[in-house]
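2 protein chains.
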Amino acid sequence: MLTPAGIAGYVAANRERWLEGYKELVRIPSLSADPARDPELRRAADLLLKHCAAIGLANVQLLEEGGKPTVYAEWLGAPGAPTVVVYAHYDVQPEDPVELWHSPPFEPTERNGRIYARGASDDKATLWIALCAIEAWLRVEGSLPCNVKVFLEGEEESGSASLPAILQKHHELLRADFILSADGGMLHADTPDVMVATRGIAKLEVTLRTAAKDLHSGSFGGAVANPLAVLSRMVATLHDMSGAVAVPGFYDGVREPTAEQKAELAAVPFNEGEFFAAVGARPGAYEQSRSVLERLWLRPTLEVNGMWGGWTGPGNKTVLPAEAHMKITTRLVPGQHPERVADAIKAHLRSVCPAYATLEFKAMGGGSPAYEVPPAHPALNILDRVLGDVYGKPTVRVRLGGTLPLCALMKQFLGIDTVAMSFSTGDEDYHAPNEFFRLRSFDRGLKAWCAVFPEIAETGADAFAGYRPA
Amino acid sequence: MLTPAGIAGYVAANRERWLEGYKELVRIPSLSADPARDPELRRAADLLLKHCAAIGLANVQLLEEGGKPTVYAEWLGAPGAPTVVVYAHYDVQPEDPVELWHSPPFEPTERNGRIYARGASDDKATLWIALCAIEAWLRVEGSLPCNVKVFLEGEEESGSASLPAILQKHHELLRADFILSADGGMLHADTPDVMVATRGIAKLEVTLRTAAKDLHSGSFGGAVANPLAVLSRMVATLHDMSGAVAVPGFYDGVREPTAEQKAELAAVPFNEGEFFAAVGARPGAYEQSRSVLERLWLRPTLEVNGMWGGWTGPGNKTVLPAEAHMKITTRLVPGQHPERVADAIKAHLRSVCPAYATLEFKAMGGGSPAYEVPPAHPALNILDRVLGDVYGKPTVRVRLGGTLPLCALMKQFLGIDTVAMSFSTGDEDYHAPNEFFRLRSFDRGLKAWCAVFPEIAETGADAFAGYRPA
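Residue numbers (numbering that gives the first Met the number 0), protein chains in the order written: chain X, 0 to 469; chain W, 0 to 469.
With the rest of the complex left out, here is chain X (with noise of 0.2 Å):
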């Protein structure tokens, strides 16, 4: 561990003023996905740029292409010594359906060690552990062992529309040899891990029509098509029985899992009765010939993520409606192009759709492929010496179920690779009610952020040479 003491201390002594921090951080609605929390959401962005400078960062500012603002701040007096960028996002997700929450989410609340609150967890923990390190590095030794540029995302949980946008005209700002995201998930709260690969994601909105207005049940129903069935019929051919998807194409370019991956699946400790207990499900569901973890990490896979029609409120509305819609995501691993995929369910949606009745496909965005890490790349060896420090034990291998669009981005617009170094873990619950950090994670992670300069720099640039562009 290459910490000087005087950091360690300087930690110890501020962890409450840092706790203090992210609440305040977290109390903030930062949605992006809903146009109505935008101020919100710029309100988290400025204590941002605030904080940034306020740790001793330069050339703090808003970096922002017709979406959400980026905050970006830098420490680049390390000449000769690699620079990286740490990647975060501060945009949340709905935190409906809020009657679930057992606490206001946006009210950060301490239970049994943890702290529950919407975006506790994704991203705002990571990201505020980040600038604490980066802090105690420039009050304590007044300088960073490296070059860092923070880089702090504002619409990550809604697609990351203009991130290419930010990416592409700050190319030159954002030079640097590899990404440290603060954004990704552990498998376990206490076995370190070092995430490879995460899958892609294609994205598709749909609207079926069945006539021009909402009818009655009685006077309609029986004779002009229900959309909600007709889209219910088209939904069941989306899987074959053996709950792989059936749609033409989709599995197009999907290779079935190495020997060394096969290896590194077994290596991981997982146990598929807890992972279901866990979450009060049942085994079942899907390709049952595969492990589950082969099923999260290198197949593709095919979700719903919402379907609505009709009359949804209290008590009883005899309507027969004239539209259903749904929103589907779909998972994708190495091999698989999003549009392509999009366009493979498009085409089986039109072919499955009877002729009385139309539909329509709203583009979403924020396709991306899947990604993985190149297997020798440096920022590997570094994340296994610092996190197997800080854990006590070695690091395993894993992947990443979602998403992380940033890493094939990076790859296109700057041409470096990102790993990640994140403190959720995969039971957190983001993504759903009652999400929450625990707290023993905020003491790792701020050892391990504090850690991972000095080994980034002790790396030294010349290691990632192969790695970045000329």
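Everything labelled a hint here was simulated from the structure, so no lab data went into it.
Just so we're clear, the structure is a prediction, and the values are computed from it rather than from any experiment.
Treat the hints with care, as some may be off.
Per the computed footprint, the stretches of chain X lying under chain W, defined by three or more beta-carbons under 8 Å from a beta-carbon of chain W, are [claimed, not checked]:
| no. | segment |
| --- | --- |
| 1 | 25-38 |
| 2 | 52-66 |
| 3 | 105-114 |
| 4 | 395-409 |
Quick reminder that beta carbons are idealized off the backbone N, C-alpha and C, glycines included.
Add chain W to chain X, keeping to what the hints say.
Showing chain W alone in chain X's frame:
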């Protein structure tokens, strides 16, 4: 026509004032399905209470048994003459989706000889017309030719949950020869019809659950079952390839149409192409071997009136929801029992529900069997005469695809039959945005309601002897 000339003159002189009163009633958003609208509903009841007293009705009162209040009023000054209960309802359907209205749903707006507003047709128009006719008789003649009991329900649109209790408690107060309902629906605005049957209804709300909480679709998709996909597959089993309902036992007790019923259908002016074109729909769904009218009037149906789950707001949320919901109603024909049909659907849904999901049924109440008027009931002749005269052509026998729960309830609790004299037409988008009522129906309705009371008196109480309790 037995209407005295003085009454026709009074109608002409008061038409504009009456239209204003009708609009005042329509302006009140008296929804019964949404508890938040209860104060508005009660405001409508209060307006009607005062109006009944003002036009000279006696014993004016609210009948209330734990639900929404019924407005009751009577005029019993014709001893020996028949007694008719005039039924109507003052509650209305929800106005959503409100963004599809061309004028505010609770601001009655005149366009092209029509009044547009929620409740303008169903059922505030004929309700108001009936009261205007009573006013005309009492103001001009000082009396009505027969005894009249006005019964204005407040929860017809949400299932009439407390109607049985009201009828049970007040069956002496409501003793009468038959019910003349101002609620119903004409097939064509310019063809007089007499409704001889209504379909019944059974209701069900279903919740399907696959996990204890909402999950991240990237971390759990492909492992934990998606409740929207599971529910969709179950909905897909509700109908067979021919479009018939595929629930075992659903058709138990349903009879094929008789020769007389087929002749009645053939006499109805009905163009299937125009029927679909009028609502922007196409044929092809459901039992193609049967005519549309047969499907609407003589066959039971099963409709999903609402279905929802997951993220339904703007933008995108990569959630794997824990629950999916739907509301189902079925329209019943004679021979079917609401509880048995609901039980058959529950049993079917349980039988197709996979082991990794759980089903929960919520009792919706308000089930009602189908209803048929006895073929020789004297009220049918009364309507034939009154409507034939107003429209200048003979009436046709029609059925209602929808449900008037009161028909079965009145028979059960009061022992008398219900016929309808409504001037709402099936194309008037009740239960949908842009509901409207035709001003020419307003005038015809006034003429008919003024004429019906002397026709009832002329028929005489003895004619109803076989159709009321001794």
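Hint check results:
1. A stretch counts as covered by a chain when three or more of its residues have a beta carbon under 8 Å from one of that chain; for the segment 25-38 of chain X and chain W the count is 4, and the coverage holds.
2. Residues of the segment 52-66 of chain X with a Cβ under 8 Å from some Cβ of chain W number 0, which does not satisfy the need for three, so the listed coverage is violated.
3. Check result for the segment 105-114 of chain X against chain W: violated, 0 residues qualifying (beta carbon to beta carbon below 8 Å, three or more required).
4. Figure legend: the segment 395-409 of chain X, annotated as covered by chain W; annotation consistent (4 residues with Cβ-Cβ distances under 8 Å, at least 3 required).
When held up to the earlier numbered hints, the structure conflicts with 2, 3 and fits the remainder.
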